[in-house]
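Two chains, two frames, some hints: make the complex.
Protein chains in written order, with the working numbering: chain A, 22 to 400; chain B, 2 to 322.
Quick caveat, the hints were computed from the structure, so don't treat them as lab data. Where is the CB? At the ideal position from N, CA and C, for every residue including glycine. Each hint should be verified, as a subset may be incorrect.
Stated by the list, open to error - Straight-line alpha carbon distances no greater than 30 Å define the calculated DSSO-like cross-link-like pairs of lysine-lysine that follow:
#	chain 1	residue 1	chain 2	residue 2
1	A	K374	A	K218
2	B	K32	A	K243
3	B	K85	A	K365
4	B	K85	B	K32
5	B	K89	A	K365
Unchecked claim - Not close to chain B: a few residues of chain A, all C-beta gaps over 12 Å, as computed:
#	residue
6	A99
7	P366
8	D380
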Amino acid sequence: MALDASLLSQLVTDLTQPAQLFCLLLILSLTVNLEFGYAGIPNFGKVLFVAVGAFVAGSLSYRLMIYLLGLKGADIFAFQATFVPQIDAHLANHPLTAIGLAFFMLAIGAVLGGLVGFLSSYPAIRLREDYLGMLLLASGEFFNYASQAYYPFLGGAQGMTSPSPIFSLAAFTGEQNLAVLGVLAAFALAVYVYAEKVGRSPLGRTLRAVRDSEVASEALGKDNVAIRRNVLIVGSMLAGMVGVLWLFYQPYIEPGTIGSFTRQTFTFIPFVIVILGGVSNNRGVLLGTFVYLVIIESFSQGTTYILSQGYSLPVDLSRVQAVLIGALLIFVMLRRPQGLVPEKPTLTIKRSKLKEMVDNLMRGGSSDLAEVEKEAKAE
Amino acid sequence: MIDPTISNAIVYGCLYAMMCVGLTVTYLTTKVPNFAHTDFVVIAIFSSATTFILGNFSSPYLTVPVAVLTGGVVAVLMYLLVLKPLTKRGANIVVLMISTLAVDIILTALIGAIFIDYIGTTYGRILANKGYYLFALNQLPDFQIFGERGILLVAPAVLVLMTISLNYLLKRTRFGVAMRASIENPNLAKVVGVNVERVYLVSWFIAGALAGLGGGLYSIQSPTPQATSSFLIVDIFAGSVLGGIFSIYGAIAGGLIVGISETYVIRVLTVLVNNTYGFEAGAQLDAFQKGIPLGIMIITLLIIPRGLASVDWRGLLRRLK
Numbered sequence: 022m023a024l025d026a027s028l029l030s031q032l033v034t035d036l037t038q039p040a041q042l043f044c045l046l047l048i049l050s051l052t053v054n055l056e057f058g059y060a061g062i063p064n065f066g067k068v069l070f071v072a073v074g075a076f077v078a079g080s081l082s083y084r085l086m087i088y089l090l091g092l093k094g095a096d097i098f099a100f101q102a103t104f105v106p107q108i109d110a111h112l113a114n115h116p117l118t119a120i121g122l123a124f125f126m127l128a129i130g131a132v133l134g135g136l137v138g139f140l141s142s143y144p145a146i147r148l149r150e151d152y153l154g155m156l157l158l159a160s161g162e163f164f165n166y167a168s169q170a171y172y173p174f175l176g177g178a179q180g181m182t183s184p185s186p187i188f189s190l191a192a193f194t195g196e197q198n199l200a201v202l203g204v205l206a207a208f209a210l211a212v213y214v215y216a217e218k219v220g221r222s223p224l225g226r227t228l229r230a231v232r233d234s235e236v237a238s239e240a241l242g243k244d245n246v247a248i249r250r251n252v253l254i255v256g257s258m259l260a261g262m263v264g265v266l267w268l269f270y271q272p273y274i275e276p277g278t279i280g281s282f283t284r285q286t287f288t289f290i291p292f293v294i295v296i297l298g299g300v301s302n303n304r305g306v307l308l309g310t311f312v313y314l315v316i317i318e319s320f321s322q323g324t325t326y327i328l329s330q331g332y333s334l335p336v337d338l339s340r341v342q343a344v345l346i347g348a349l350l351i352f353v354m355l356r357r358p359q360g361l362v363p364e365k366p367t368l369t370i371k372r373s374k375l376k377e378m379v380d381n382l383m384r385g386g387s388s389d390l391a392e393v394e395k396e397a398k399a400e
Numbered sequence: 002m003i004d005p006t007i008s009n010a011i012v013y014g015c016l017y018a019m020m021c022v023g024l025t026v027t028y029l030t031t032k033v034p035n036f037a038h039t040d041f042v043v044i045a046i047f048s049s050a051t052t053f054i055l056g057n058f059s060s061p062y063l064t065v066p067v068a069v070l071t072g073g074v075v076a077v078l079m080y081l082l083v084l085k086p087l088t089k090r091g092a093n094i095v096v097l098m099i100s101t102l103a104v105d106i107i108l109t110a111l112i113g114a115i116f117i118d119y120i121g122t123t124y125g126r127i128l129a130n131k132g133y134y135l136f137a138l139n140q141l142p143d144f145q146i147f148g149e150r151g152i153l154l155v156a157p158a159v160l161v162l163m164t165i166s167l168n169y170l171l172k173r174t175r176f177g178v179a180m181r182a183s184i185e186n187p188n189l190a191k192v193v194g195v196n197v198e199r200v201y202l203v204s205w206f207i208a209g210a211l212a213g214l215g216g217g218l219y220s221i222q223s224p225t226p227q228a229t230s231s232f233l234i235v236d237i238f239a240g241s242v243l244g245g246i247f248s249i250y251g252a253i254a255g256g257l258i259v260g261i262s263e264t265y266v267i268r269v270l271t272v273l274v275n276n277t278y279g280f281e282a283g284a285q286l287d288a289f290q291k292g293i294p295l296g297i298m299i300i301t302l303l304i305i306p307r308g309l310a311s312v313d314w315r316g317l318l319r320r321l322k
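Same shape as in the complex, but just chain B (with noise of 0.2 Å):
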């Protein structure tokens, strides 16, 4: 059997990589972050995980299509309520990041108020009997292969799919030239008959996809206490930047970098410190975990702002020759 901290490290890079695709993506296209993104992942969670305990379904994987489908529909709307009238209003950056703020707190109150609230009483003996509670959702059950946890095989199939699915969508597909081309140059795309609304609200869809995607398998990985979409929001937002918050492959890296290195670091350091000071002061290193991707994000901003995407790989590796 895998040691668990490395299997664990591997799970999270793989599914925090599919979020911070997911908000790459909405920034190329409407060229601001998103801040309700990782609420597009909680509600994703409730809705595969209600759906899976209250349909009696055998497996949380079986779930997972209503996830990438909830955080794709709820994407779509934001973009078509908030975003799409605000854009054609001129609304400047700094506006449009309060309303996706304004989105952040509404969406946060709305699954509190379906799912913890309505749910959660409607539905709560039934939960309660399957030893489910909706105000601090548990990990849901996992299938074994070889000894070891089914998502530990799962996550990072599903992002090698991901991937080449994404690639061939973007340099295949008419539509992903569609997309690019939206991207690039939007008055340009236009001109020559691309349909820059449907791109982006296809773009959009895919955002909240695969958000949905990343939060279906993550609530298989761990459970899911109800401030998971602030805590979250820090590693998506650090994989993201240190990708180069504009490359969707800088994000897949990014997002890997930032699961791996949060869980394995705080592991590594903890063992150290207990080593040297006792038990009690290695436990008391958990409470600065988020303090990873956060470094990570800062010193990403101080040495390359623009982020991996945006270093010149060949030639460094040439000067390191």
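Bound-form chain A, shown alone (with noise of 0.2 Å):
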């Protein structure tokens, strides 16, 4: 039994690291679907959006704590190395400001990146999807590539370490990983049920008319400008609150376009999830955000053990990586684009009453759904 013990508490410590990332994949894949999927508004700038939020929300906290605590430095950047412990063993001691501090932390993550997302995209909004996409993704790299430049800002291409309240807090526990994982799940847990009550609601059905055919929600009297930005803005604001939990995972910021806030992870990634899911369907999202994880996590499994064996290969694992990742997501486009979980239309009627509307008319009863209720009653 004791055996049994170690080895589920050395599954659950092996674990706890996928899960995270598989809360913070699937939030930022399910906010893709949400414009990409049900809108077919292409966020190009997904990792604008992440970095905006991790960047001044990591920024800001550390020199929030830098003032509370009292420290002093010319450089804050190059005192890192003593402050951020510091940081972090006054917050394991005083819980309520590692709560709020939390709070603050998503709360920039939220504002900014929800007025970002309004800014950014205001240029182009009006115009083709091709426009909007161009910009966005230009704006994301602008954005990486002056963040790295601008020294005062995140201490250049060095970068810095954010304060981790969750991380801190949880001192006490032991499993500090758990209570982030926790957290981390809680808010993926609640974006996927927002997400699937937008699917299912009128405003789902609305944002799918936008994306098929603009002409004719726009004949129905929708505002469809006002629809897209609006879909951007709640997207992004989720995107920023994403950069801020990625910080509570790993708190270590590196600008820059080759930085840890990468176009290929921030943007493409969560693109090819949608994709190998299955679009406009929060369910393949789902699917799809555990499947790409089985897939990276086999593959460097893999690798380590077949170098373990004594081979070698002559190019960096990661770049063989994305370049299978790659082309795994232009084979599911050319062999399967309606990912692993097809689009279905959503069903407005309860399935139990359609059931019965369709047996009533059968019958050669009416398909209408008041006296179907009012013979049920009768009888």
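If you want it as structure tokens, here you go:
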């Protein structure tokens, strides 16, 4: 039994990190699904909103904590190695400060994400999709480039370590990673429920109408531009919060287009997940995130095993993985464009009631729902 | 000697113009903005630079044809393997855009795997002996003419030659007519016997070759860090959008304006800030260099979303008179 318990705890430890990544990727992919899947908006600047949230929240919370603790240093980034442990120790002993800081960071992520989402899409939201895609992508590259090159923001290419309130706060539990996972999972669940609600609501059908036929939705009195703008703002707010949650998961910020917040991880991968799982279909996104993580985990486990057998590759394995993921996406788009779980029409009436109506029609009765109900009551 | 800011501005303007034209040609044929376009540039830079260094050539200009060829071949492969099958399946524009993002990821990884990892380690000692490192490629040596760098003469000359030959190709040759017809109305072109597929294929080769041409010359003008493709994308898209993404001549103008203003405006602002706030403050401005092409793109989209090519210049002039 003792062996089993240790095995179990080992398993929990091994699975915690992938589970955290799962939650983060799920939230991000759900926002991409909301924008691209339902409303057809090509938000190729996803990394911009994630990075804005993470960078500003990380930079500001670090400065705030330095101010609160009264730490002194000419160059705060050069003193990180001594400051950050002090901040985290302080947060571990002051739960209220830690909770306050966590909410402060999340608020920054949401507000800035939404604001940048509105501003960066404003010039092109009225134009065709390709202009919006180009503008958002270029804005993301500009922000990453400038954050890296402007030293006072994040300490240049070296980057900085953000305070980690949740991780420090959970010090007393002894299972800090599990506590972080709990927070991430709660967020992921909330976003999933929200996305499901939106998808099934009249709003969800409006979004599909905007995606499939702009002219038709406009003819029915829908303001396409306002709808697209609002969806982008909501998606960007959530993406900004993902940036902050990412800091709870890994507090290291390395700006720059080849740093830790790359276009590949935060723009491309969510699109891969959504297309793999199935467009405008939250269950598909759930499955897609899972399949994607299984693929990359087995790739890294497999290559670790092969390398441990004494073989060596002349190239960096992360590059091989990138080529495989890119090829997988193109393959899915060619062979199974509907994804693993195809899009279904949303049922506005409960299935049981629909069946009742069909039965009634077969018997030669009326298909009108009110009459069916009346009959049912009379019986 | 000409002020280095001005000469840099001219050279970057010419190089961006070549790359922008390539992007516009792909946009005209496949109707999709190709996010992998700057990877064509970078792959061309690395192939010509490694040929130059390892092949002991006397001047990097001699290996520019390698860059042109590599760019063209990679573009044709991308068209054949990704865009053509997807278009045949009836993929919409957003899906096509995502597929070019996928190609961008693949090409970036391949560039890293082939040049930085494989050639960089296999020939690492030879490269290091000559003072080159592929993970951050140094600027390649240039010749001197009248006390100026050769690129200052070559880049504008190549741009003029490119413009003249493109103009000749489009207006005076059978292929040019077929190409314009295929762009204007592919179905009608098919009916009158134009092989539209082949026209698109050749157009993609031209687009990649122009990206390669710009890239081959770029490596003589500037060092090539790993992130080059990521930040060049801002300039190239800004130039194409400014030109009106459907116009080749617009793209030349757009690329020139973006390249010149990016280099020149940042320099002027830096000097201004230095004079007012001291040296440190001015140096920080370099971080926001890419804000200029982004700003140009934003202003274009707000004022003239269809770009310079859509402006009625004659009418504007008449009204000003």
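Numbered hints the structure breaks, given as an ascending list:
Violated hints: none at all, because every hint is consistent with the structure.
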